[in-house]
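K.L.:
These are the residues of each chain, in order.
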Amino acid sequence: MARYAMVTDLTKCVGCQACTAACNSEWDVPPGHARTHVRPTGAVGKFPDLRSAFYVAQCNHCDDPPCVKPCPSGATFQADNGIVKVDRNLCIGCGFCVQACPYEARYLNPATQKVDKCDFCASRLERGRQPACVTTCTAHAKYFGDLEDSSGDIYRMVYTRGARRIESGEVKVGPNVYYLGRRGEPQLVAAMFPPRLPKLPAAGEWWSKVVKPLALALVGATFAGQAVAFFTQLRKGEGQFDE
Amino acid sequence: MSSATQVQPPLRDLSQRMIKKHHVAIILLHWFNAITWLIELTTGAALISSEHFRFVPVWFVTMITEVSGTRANLLRFHIAAGLTWITVFAVYAIFGWQTYFHQEVLEREVALDKDDFNWLRIRVLRILGRSNEPLPPQGIYNAGQKMFALMVYVMIPVIMGTGLVMAFHWGPMTLVGWAVVLHFAAVAVVVSGLMVHVYMGAVFPEEKPAFFSMLTGMVPEEFAYKHHHKWWKEVKMLEELHAAGLAEPRPVPRPSRLAAALRMKEHWPGYWAGFGLGLTLLATFLIVGQGLGASGGFTRYLAFVLSLVAPGYASAHPYWSNYVQPGQPVLMDFLVFELIGVALGGVVSGWLAGHLKWTTDKGPRISPRTRWALAFLGGAISGAGARLARGCTSGLALSGGSVLSAGAFVFMLSVFAAGFIGAYFLRRIWL
Amino acid sequence: MTALFPLSLSTGAFVFAAIALGFFFGFFLERAGFSSSLKLTAQFYFKDWGVLKVMFSAIVVACLGLAWLSLAGIVDFSQIYVPDAYLWPQLAGGLLLGAGFILGGYCPGTAVVAGAIGKLDALFFLGGIFAGIFGFGLVEPSIHSFNVSGALGPLTLPQWLNISHGVGAFALAVIALGAFWAAENSEGKWQLFRKTYGREQ
Numbered sequence: 001m002a003r004y005a006m007v008t009d010l011t012k013c014v015g016c017q018a019c020t021a022a023c024n025s026e027w028d029v030p031p032g033h034a035r036t037h038v039r040p041t042g043a044v045g046k047f048p049d050l051r052s053a054f055y056v057a058q059c060n061h062c063d064d065p066p067c068v069k070p071c072p073s074g075a076t077f078q079a080d081n082g083i084v085k086v087d088r089n090l091c092i093g094c095g096f097c098v099q100a101c102p103y104e105a106r107y108l109n110p111a112t113q114k115v116d117k118c119d120f121c122a123s124r125l126e127r128g129r130q131p132a133c134v135t136t137c138t139a140h141a142k143y144f145g146d147l148e149d150s151s152g153d154i155y156r157m158v159y160t161r162g163a164r165r166i167e168s169g170e171v172k173v174g175p176n177v178y179y180l181g182r183r184g185e186p187q188l189v190a191a192m193f194p195p196r197l198p199k200l201p202a203a204g205e206w207w208s209k210v211v212k213p214l215a216l217a218l219v220g221a222t223f224a225g226q227a228v229a230f231f232t233q234l235r236k237g238e239g240q241f242d243e
Numbered sequence: 001m002s003s004a005t006q007v008q009p010p011l012r013d014l015s016q017r018m019i020k021k022h023h024v025a026i027i028l029l030h031w032f033n034a035i036t037w038l039i040e041l042t043t044g045a046a047l048i049s050s051e052h053f054r055f056v057p058v059w060f061v062t063m064i065t066e067v068s069g070t071r072a073n074l075l076r077f078h079i080a081a082g083l084t085w086i087t088v089f090a091v092y093a094i095f096g097w098q099t100y101f102h103q104e105v106l107e108r109e110v111a112l113d114k115d116d117f118n119w120l121r122i123r124v125l126r127i128l129g130r131s132n133e134p135l136p137p138q139g140i141y142n143a144g145q146k147m148f149a150l151m152v153y154v155m156i157p158v159i160m161g162t163g164l165v166m167a168f169h170w171g172p173m174t175l176v177g178w179a180v181v182l183h184f185a186a187v188a189v190v191v192s193g194l195m196v197h198v199y200m201g202a203v204f205p206e207e208k209p210a211f212f213s214m215l216t217g218m219v220p221e222e223f224a225y226k227h228h229h230k231w232w233k234e235v236k237m238l239e240e241l242h243a244a245g246l247a248e249p250r251p252v253p254r255p256s257r258l259a260a261a262l263r264m265k266e267h268w269p270g271y272w273a274g275f276g277l278g279l280t281l282l283a284t285f286l287i288v289g290q291g292l293g294a295s296g297g298f299t300r301y302l303a304f305v306l307s308l309v310a311p312g313y314a315s316a317h318p319y320w321s322n323y324v325q326p327g328q329p330v331l332m333d334f335l336v337f338e339l340i341g342v343a344l345g346g347v348v349s350g351w352l353a354g355h356l357k358w359t360t361d362k363g364p365r366i367s368p369r370t371r372w373a374l375a376f377l378g379g380a381i382s383g384a385g386a387r388l389a390r391g392c393t394s395g396l397a398l399s400g401g402s403v404l405s406a407g408a409f410v411f412m413l414s415v416f417a418a419g420f421i422g423a424y425f426l427r428r429i430w431l
Numbered sequence: 001m002t003a004l005f006p007l008s009l010s011t012g013a014f015v016f017a018a019i020a021l022g023f024f025f026g027f028f029l030e031r032a033g034f035s036s037s038l039k040l041t042a043q044f045y046f047k048d049w050g051v052l053k054v055m056f057s058a059i060v061v062a063c064l065g066l067a068w069l070s071l072a073g074i075v076d077f078s079q080i081y082v083p084d085a086y087l088w089p090q091l092a093g094g095l096l097l098g099a100g101f102i103l104g105g106y107c108p109g110t111a112v113v114a115g116a117i118g119k120l121d122a123l124f125f126l127g128g129i130f131a132g133i134f135g136f137g138l139v140e141p142s143i144h145s146f147n148v149s150g151a152l153g154p155l156t157l158p159q160w161l162n163i164s165h166g167v168g169a170f171a172l173a174v175i176a177l178g179a180f181w182a183a184e185n186s187e188g189k190w191q192l193f194r195k196t197y198g199r200e201q
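Residue numbers (my numbering), protein chains in the order written: chain L, 1 to 243; chain G, 1 to 431; chain Y, 1 to 201.
Isolated chain L, as found in the complex (with noise of 0.2 Å):
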């Protein structure tokens, strides 16, 4: 099974948003949304010492993704090839899900009132065809392929040119998109750019920390109250009821 990962060379990106344009179109994304973005650094640092760079940031596809654990009804899950998905038929629009995202990528799709996000063009994939962003990369900045491929690209990027990840000290889900770059773009954007900490909206913490124990209580204590009384009917037998 494949293991699919994206690099994206950050020296060759210049921002064009070529590939967030091409992304809106491939999926339909309703505006004010976006299932990749690009987003620039702005100047760091003191005259005449600047860097800049551009994040260009996506669904990660973790291969600890905090974002299905909080999915009520399973409809976020990881296949087996690493793509983390959303099954639309499931997704009741509860919104757990869209905080627990360390790097901001769900959204609530106003039109369907359900969770979107990339999901590397799963479609395309299955067709033969690479995601629609790495084909429109006006820089050609952008490779997608099979990680677990010893002999392909994304393998030797990763492994021996030293694609990084954007990770921080609190946050490690082994995220499969992977950043270039020669002047140290990646360890800007890491910086610039962190991931935040996955959380559960208010609803999904009273549920798993006080709804869920309380009910387990109540049905618990009812429970045992019913086989106290069942038992003491036991022990006085079934006469003294009759009267």
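To be clear, the hints were calculated from the coordinates, so they are not data collected in a lab.
Don't be surprised by glycine CBs; every beta carbon is placed ideally from N, CA and C.
Worth double-checking, as some hints may not be accurate.
Part of the chain Y face toward chain G, derived, beta carbon under 10 Å [said to hold, decoys possible]: (1) L4; (2) I19; (3) L29; (4) L40; (5) A67; (6) F125; (7) F180.
For this one, chain L is given, so just place chains G and Y on it according to the hints.
P.N.:
Showing chains G and Y alone in chain L's frame:
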């Protein structure tokens, strides 16, 4: 006027009479509700698969998911059943609004008074063996039942509302997120009450008449006297008023037709039997992908006999070779086994009704022998007709009609036409 | 998306399901009173509308249920068996079965139930069915061309009328409700029996 409350009637007299407690509509709603809850609890528990929120074992989630095919199917089924539930309740609410939703009824059925609180306290102490105090008198529903009703009345709208919010994604994410939590919490509250309810109804010996009243609508007067004394007094008072001509005479409550039918002594009203038959037919389509039938099974049996008696003839014959082919079991057919079940079902129903007896149905003007001969002749004509039409009233008209088969309706029309015309000329047989 | 139903069963489950479903079929037929040829034939004398009520309420329940479940994607309607239509033989077969019904007092399914609870006439009727089917097998080769005439395949009424299946099911339900209303009125007000046979029941 209150003489009935002072005279203590001998209990054995009370045990003879039944008092009507539940309307048929309520009995039906109760059992519909029970079935829906079973379905929704099972599918709902399996729908929560997240590690954070799951409360049933993983194998249960896997099992229910596999039975449904996909998890999306499971969700769709959960929503479909829930919407059916809401629709039925809505119909009841529309037609029962004036009957059930006014203060008097709610006070009687839901509101707890001082007696009720005492009853709850003493009931619990008695179960724990800490008290021998007599229980305070109760109305038509005891305090426990009232508490459960209150719980259900409050929680059902919550469950329905949050269910609709989730099913149709009404509102922003935050609202849907909280709807999931509220849905779960409300169900948990009802389930804890439901456990007591089911225990009391199905296990607790004292409440057995209450359980049967949910089948027949009636309770023995003795049970009402002992367990729902205030209600019994009301009933008695009304009866006295009627007897004295002070109030509209009310007919002595008799068990409804359905209640009588459930006791199996008489035949069911046509619509009820038809509804059951329809559900059976629907289940057959769902499980085996075809409908019920009869004559096709007979044909298989006959083909089987032929294949034993004259295998060469059967496998060479242009008609019988459709059924008898080398290497293919003749009897491996749905209708063959179904017919065994039909006979069993008939025997069980007849036995419950006390109808198992060797008899002959006939009109008054003919002898049994004539009837038998005509039955044989009629059977032969029917058998040939059923083969020509490729099905009989069950296999073609009933099952084919349910899938709106064009042939089925042609067949149905001609059966009824021949029946009504034949009836006129053959009236000597039956009238 | 794969639909939940119909199921594909192993042989054991298939046999068990067939017997269990047959059990309920027989049970409800007997409960409806269809184990009595007097009750069944009373329909044709406008005395008792049980046959119409039971049959059409069953058809409506199953038909609406199937239509609804296939709309919801729970059942795959294309996997459900729809009988082939053979216009002329089914017309003639219906006439024969109707005649046999009023002569013998049963139809094949109800005869099984009636025989099971001890109706002797039903047992003779069952014997007749086997004779009739055997006889049909004997003559079928010589009437074969008629037996396959008017073949239209698994045609349904909605297909024929070019309307959607759901609309067809709904229309059938409305027609059935009308028939029930007529039946209830016939028992009470219209007194079709007296009008047809010129005397009280």
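K.L.:
Now tell me if each hint is right for this structure.
P.N.:
Checked hints:
Interface restraint check: L4 (chain Y) against chain G, minimum CB-CB distance 5 Å, threshold 10 Å, status holds. Because the smallest distance between the Cβ of I19 (chain Y) and any Cβ of chain G comes to about 4 Å, under 10 Å, the interface hint for this residue holds. Because the closest C-beta pair between L29 (chain Y) and chain G is about 7 Å apart, less than 10 Å, the hint holds. Below 10 Å, beta-carbon pairs count as interface contacts, and L40 (chain Y) has one with chain G at about 9 Å; its hint therefore holds.
Restraint check, A67 (chain Y) versus chain G: the minimum CB separation of about 9 Å is within 10 Å; hint holds. The criterion of a C-beta within 10 Å of any C-beta in chain G is met by F125 (chain Y), whose closest approach is roughly 4 Å, and the hint holds. Interface restraint check: F180 (chain Y) against chain G, minimum CB-CB distance 8 Å, threshold 10 Å, status holds.
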